Amino acid sequence: GENVEQHPSTLSVQEGDSAVIKCTYSDSASNYFPWYKQELGKGPQLIIDIRSNVGEKKDQRIAVTLNKTAKHFSLHITETQPEDSAVYFCAAEENNDMRFGAGTRLTVKP
Amino acid sequence: SAVISQKPSRDICQRGTSLTIQCQVDSQVTMMFWYRQQPGQSLTLIATANQGSEATYESGFVIDKFPISRPNLTFSTLTVSNMSPEDSSIYLCSVRQGAGDTQYFGPGTRLTVL
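From first to last, the protein sequence lines stand for chains A and B. Be aware that the first sequence starts at 494, since it is given in the working numbering, and climbs by one per residue. Be aware that the second sequence starts at -16, since it is given in the working numbering, and climbs by one per residue.
Each hint should be verified, as a subset may be incorrect.
To be verified - With a cut-off of at most 27 Å between alpha-carbon atoms, the simulated DSS-like pairs for lysine-lysine come out as follows:
| # | chain 1 | residue 1 | chain 2 | residue 2 |
| --- | --- | --- | --- | --- |
| 1 | A | K551 | A | K564 |
| 2 | B | K48 | B | K(-10) |
| 3 | A | K535 | B | K(-10) |
| 4 | A | K530 | A | K551 |
| 5 | A | K515 | A | K551 |
| 6 | B | K(-10) | A | K530 |
| 7 | B | K48 | A | K551 |
| 8 | A | K530 | A | K561 |
| 9 | A | K515 | A | K564 |
Source of the hints: derived by calculation from the structure; they are not laboratory data. No experiment lies behind these values; they were computed from the predicted model shown.
Put together the whole structure using the sequences plus the hints.
Take a look at the structure:
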């Protein structure tokens, strides 16, 4: 089955700096890669996703890149703000089987 | 998008008792899932709730411990039976229409077992 590894486990940045979270996956058949943000006491919320026929997708300050050959994808947050502080999860899906990374706790210091 | 509500939002229970968690979606969805999230951990799939048939459980989870119902396309329940402190966790309901579609999560139920 699919195995998703996520790095780093914790990330601390200054407000205004960029943050990058990376994930690798094992199953080359995976074709859908969502990213979730989970704030304290809440359920995960989808922030961006990418499908295997696209190499990059951007939504305002958030972007995701996908390298299918290397089987890795990354989340990029630019101009970070304190409200970006949360735990971020990547996931990879193949044929209805969705696997999640271990999560990255992002702290944005004002 | 799908709006998901869960009841209760949190509970404190005594060991040996059972708790049933409800999940309600504002629209009909094909697929419903139940996840467990232990403190500081990632999301672990417990089972896929199937309408009109028995749920499909992941390795390590059994029906006797986590019975699931799904009477229609908008509602499901998860029961945590004969609870022990190790069952203390957040339980999340999740839905999507099909493979490759957006998957949405409910707000979670925070369970503490004493």
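Structure versus earlier hints, numbers of those that do not hold, lowest first: Violated hint: only 7; rest satisfied.
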